[in-house]
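Chain B: place on chain A using the hints.
Here is what each chain is made of, one letter per residue.
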Amino acid sequence: ETGVTQTPRHLVMGMTNKKSLKCEQHLGHNAMYWYKQSAKKPLELMFVYSLEERVENNSVPSRFSPECPNSSHLFLHLHTLQPEDSALYLCASSQDRQRNVLTFGAGSRLTVL
Amino acid sequence: AQSVTQLGSHVSVSEGALVLLRCNYSSSVPPYLFWYVQYPNQGLQLLLKYTTGATLVKGINGFEAEFKKSETSFHLTKPSAHMSDAAEYFCAVSDRGNYQLIWGAGTKLIIKP
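Those protein sequence lines, which keep their order, are chains A and B. Residue numbers for the first sequence follow our numbering, beginning at 1 and rising by one. Residue numbers for the second sequence follow our numbering, beginning at 114 and rising by one.
Possibly wrong hints are sitting among the right ones.
[Said to hold, decoys possible] Result set (DMTMM-like, lysine to aspartate or glutamate): computed pairs, CA atoms no more than 25 Å apart in a straight line: (1) A:41 / B:184; (2) B:171 / B:198; (3) B:221 / A:85; (4) B:191 / B:177; (5) B:221 / A:44; (6) A:41 / B:198; (7) A:36 / A:24; (8) A:40 / B:208.
[Unchecked claim] Here are a few chain A residues that sit away from chain B, every Cβ distance over 10 Å (derived from the structure): (9) 12; (10) 15; (11) 17; (12) 22; (13) 24; (14) 51; (15) 57; (16) 63; (17) 67; (18) 103; (19) 111.
No wet-lab data here; the hints were simulated from the structure. Small disclaimer: the values here were computed from a predicted structure and weren't measured. Idealized CB from N, CA, C, for every residue including glycine.
Excised from the complex, chain A in its bound form (with noise of 0.2 Å):
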């Protein structure tokens, strides 16, 4: 499989869940990003590792925790989330020399209830 593939595509989960999106790129690439996107907003840069290093937190809640195994994969571990986090969760790769250039994965849509 090529480009960037995200799991699952939908996930629906109560404030007290605890649940992980996944994300897989074989592009090669060395650099890989989890972005929020909320409706009539600009997409929020959440976590950015660069060869499986986290170089990048914009503030972000510690009820999301990424994780970054390797340079194919990246995760993120949901716990104890709010309502206002439902959104779509997109996850993107790039050549790390080249972070302007972004391989996004569909999203993993995400509802808390």
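Chain B alone, transformed into the frame defined by chain A:
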């Protein structure tokens, strides 16, 4: 801080008509400029980019954009709209020394038959 403004959260055009989506940025130093497109239920994909050189940039699917330094603009155009162009379009910029993307809020393009 750098900012990006996309005029109009929704733009509606008839099939075959000119498409014009507006983007203005705030930097006094010309940044790198990008348009990304998001088709329904998909992630974003790069449509075109401007880094240096010719100010008229051609992208995929017949779209083009022109960098106008005096107007701090990078408007996206297509001479003749197609039903398949219905999507949300995002303008983004990055500074030349820092590759992090700053995103506009997006413009949803609606094509009327």
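Has the given pair, residue 221 (chain B) with residue 85 (chain A), been kept, meaning a C-alpha gap of at most 25 Å? 23 Å, holds
Is the Cβ of residue 57 (chain A) farther than 10 Å from every Cβ of chain B? 13 Å, holds
Assess, step by step, whether the Cα of residue 171 (chain B) is no farther than 25 Å from the Cα of residue 198 (chain B), and give holds or violated. With Cα atoms ~16 Å apart, residue 171 (chain B) and residue 198 (chain B) stay inside 25 Å; holds.
Straight-line alpha-carbon gap residue 40 (chain A) to residue 208 (chain B), limit 25 Å: Distance of about 24 Å is within 25 Å: holds.
So is residue 12 (chain A) really clear of chain B, every C-beta pair being over 10 Å apart? At about 17 Å from chain B, residue 12 (chain A) clears the 10 Å cut-off, so the statement holds.
Given as non-interface: residue 15 (chain A), partner chain B, CB spacing beyond 10 Å: Fine: 26 Å to the nearest Cβ keeps residue 15 (chain A) off the interface.
Residue 51 (chain A) and chain B, when compared Cβ to Cβ, separated by more than 10 Å: Answer for residue 51 (chain A): holds, closest chain B Cβ roughly 15 Å.
25 Å Cα cutoff - pair residue 221 (chain B), residue 44 (chain A): 18 Å, holds
Beyond 10 Å from each Cβ of chain B, as asserted for residue 103 (chain A): Non-interface label on residue 103 (chain A) violated, nearest chain B Cβ at 8 Å vs cutoff 10 Å.
Residue 191 (chain B) and residue 177 (chain B) were given as a pair; does the straight-line alpha-carbon distance stay at or below 25 Å? Holds, because 6 Å separates the two Cα atoms, which is no more than 25 Å.
Please settle this one: residue 22 (chain A) was flagged as non-interface, so is its CB more than 10 Å from every CB on chain B? At roughly 15 Å from the nearest Cβ of chain B, residue 22 (chain A) sits farther out than 10 Å, so the non-interface label holds.
Pair hint outcome, residue 41 (chain A) versus residue 184 (chain B) [Cα-Cα no greater than 25 Å]: 24 Å, holds
When each numbered hint is compared with the structure, a violation occurs for hint 18 only.
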